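Quick note, the sequences are listed as chains B and W, same order.
Take the first sequence: its position 263, counted from the start at 1, is 263 in this note's numbering, and no numbers get skipped.
Take the second sequence: its position 8, counted from the start at 1, is 577 in this note's numbering, and no numbers get skipped.
Keep in mind that the hints were calculated from the coordinates and are not lab data.
Quick caveat, the model's predicted, so the values are computed rather than measured.
Every clue listed holds true.
A few chain B residues facing chain W, derived, Cβ under 8 Å:
1) M234
2) H309
3) R312
4) E322
5) E364
6) I368
Think of the CB as a built atom: it goes at the ideal place given N, C-alpha and C, for glycine as much as any other residue.
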Amino acid sequence: MSRGFSHVEDLKGVPRGPRSDAVLSRVLSACGDSILNVSRRGTTIRVALKAECFRKAVESIYSEHDLYFRTMAASDERLKDGVYKLYYVLGIDGEGTNVVLEVPAPEGVEISTVSDLFRASDWYELEAKDLFGINFSGRSLRRLVLPEDWPENLYPLRKDISADEIKSLYQPQMISQIAELGVEEVVRVPIGPYHPALHEPEYFELYVRGEKVVDARYVGFMVHRGIEKLAESMKYDQVPFLAERICGICGFVHSTSYVQAVEEALGIEVPERAQFVRSIVLEVERLHSHLLWIGVALHLLGYDTGFMHAWRIREKIMVLAELLTGSRKTYGINLVGGVKKDVNQDKVPKVREVLEQLKKEFSEFVGIAISVPQVMARLRGTGLLPRGEARAYALVGPTVRGSGLARDVRKDYTYAAYHYVSFKVPVYSEGDNLARTLVRVDEVFESISIIEQLLDMLPGGSVMAEGWETQPMKLGIGAVEAPRGEVIHVVVTGDYSPYRWRVRAPTYQNLQAVPTMLRGVDLADAPLTIASIDPCFSCTDRALIINLRSGSVKAVPIEVISRRGVRSG
Amino acid sequence: MVKFLKIFSVSAREGTVTRKYPFESPLVTPEFRGRIDIDPVKCVGCGACTRICPTKTLTLSYEGDEAVLKYFIGRCIFCGMCAYVCPQNAITITKDFELASYNLSDLYDEVVHRTVRCSICGKPFTTAKLVREVETRINGGDVEELLNICPECRRRLTVRRIGSRVVGTGGE
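Please model the entire structure based on the sequences and the hints provided.
Dropping the structure here:
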C-alpha cells in the first residue's frame, strides 16, 4: 500500500479493520500494477484487477483462515465497458467486511479457474460459462444449469439476446421427438423427470456397495427458469414479489436480500421501524421453517406422530404470519426503502401470547421426540461432516454450525435490526445429523427471544423511506441469514430495473458438500443426511440406486429407502 | 425410558386441530389478503395499478371510445400493490379466497371508462374521468386548455410556441 497507488486515496478516513487491511495489502502487493481501482463503500472494499493477475491475487489470500467465498456474480457489461465482469464476493467473518474482486473479462479471454483454491466456486464458474459463455482455463467445464439439449453458443443472460429470441431458439427436444413420431396435436403434460407426488425436481445418484454409500452425484437445476433475466425487465418495486417466489418456504429472506442490495447500491436510508418489522417477520419465518424441517426429518425417520405434532405446532406460526403480514407465506410486504405493512400496536399482545404458547409446546414436544430411541439412534453419528470440509466448501447456516463453525450473517454482517438484540448462535461440533438437528432446535428458542426483544424495543415513526432515486451501474450486496443459511444477492443497478441481479440461495453452497456427507453412510440414512442440510426441496425426491456389486440400477421413492433400506426397497 | 409415550397425553389434550371446512368457517385472520375489488365509481382509469402490478394481472387497454381496466384473477398473486399505489383509493383488498370456478369468465373483472378524443388530432388518448380529476386537482390555471390535447400534439404545440417566441413571428 505504500507504493503510491493514487486510487487508494479514497480509503483514507474510512474506518477499517485490521483483517481487511491485511487482505487488501496482500492483494495489492501480489498484483502491483495490475490493480485497476480500489474503492470502499460502507463495509465493502471493491478491488478491480486485470484478469491475468486474478489467480495470483486469490493465491495470496485464499488460505486466510477467516476469509470465505460468499458468492460470485457474472455480469454482461459490454454495453458500458466493453467487457464481461466477474464480481467475486469474499467475506471476512470476524470483521463483517466484504472484499469484492472485480475481474473484467473481455470477449474470448479465458479466466483462470480458482475452483481448486475456493472449492465452493466450482458451480459459480460453470454457471458463468453456461449463462454468459465466459471460459475458465485450468479446469474441465461441463454443463450445469442448462439442459443437455440447449443449443451451443446461446448464452441466455447476455444483454444482446432477449427472452423472446431465446424462446424462439430453444425448443425442448422432447417436442421435436414427438413430432417425428407423427403424433398430431401434441398435448404437453409436464411430468417428471421425477415423480410428481414428491416435492421438487432434484436428483441424486447414489453409488452403493451392499448397504453402504460409496459415492454420490447430484444433478440439479431442473427448474432453472431464468428469473434473473426476467427481473431485468421488471421495475425495482416489482422484483421483491418475484424474489419472494424463489423459495416456497423461506421467500421473505430473498425479498429482504434483494431490497437490501438495492438499498446499499443506491444509499437509501431505511427507517428504523421498517428494519424492526423486517427482522420480526424474518424470525417468524425461521420459526415456521425450522418446525417444518423438524417435522420432515421425523417423517423421514418413520416417526410420523412426531411429524404431525411438529406441524400442528407450526400451524400457529403460520396463522401468526398471516396476522402480521396478510399472508401465510409469500408475505409480500417488502419494498425498496421499507415495508408496506406496519406491525400495529394492538397485535403485539397476540404475538406474545402465541410465542409463549410455542415455547411451552415446543420444548415439551422436542423432549418427547428426542427420547424416542430410534430417532436418537438414527441421528447420532450419521452423515458426518468434519469441520475442515465445512470450512473448505464455505458452507453456511445450520449445516456449518453443526460442524463447529459459528458462522451467522445476523452476527457477522449484521443487517436490519439484529444489532439491537442479544442472542446466542448455537454451535455443535460433532458434525452429524444430530448436531444439525440440535442447532435448529436451539435456534427456535433464540428466534422466540429475538422477536420478544424486538417487540419490546419497537421504535415509532414511518416504515417507508421518503422516496429515492436510481443511479445506474452501482453495485450492492444484500445478505440475510435464512433458516437454511446465508442468502446473498448481488445487484448491479440500471435505470429503471436491476441491470444484473444475482441470487445465491444457501442450498447452492451446501449441496456441494452432500456427497462428502453421504460417503460411508448406510443407505437407509442417506435420505435424512440429504435432508439434514435442509435443502430447498423439503423432502428431496426419488433416488436412483446403482449397485456396484450386481450392476443393477433401480429407482425407488426416497421414503422407501429411508424405512426399509435397499434390499426390500 | 418410556418418556416418548407422553405423546399420547399431548394428543389427548390437543384433540382434533383441523376444521371441517367447508362445513365450518375457514381460518382467515382479519389481515388476510384475498382478491381485489375495484370501485368503478372511484376509479379514474389512470393505470397506476397496471404499471406496478408484478404479474400483469391488471391491464388497461384502449378499444375505440372505451378504455378497459381488466383484472384477471388467474394471474393474481394477491400482493396488494395495486391498492397500495392507487391514488383514488378505488381498490380494496377483500378476504375472498374461494375463487375456483367452472366458468373462465368468472375470473375476469372489468371497469370500462369512456375516453376523450384529442381536440387536435381526434385520437382517443385518456379517460374522461382522468381529465376531470386532473382539472379539479390543478384547479384552473393557464394549462387548462391543454387538458384535451393528447401528449403527442401537446409536444408539437409546445415546440411550435417556443419556436414562434424565439423567431418572433406570431401565429402558428
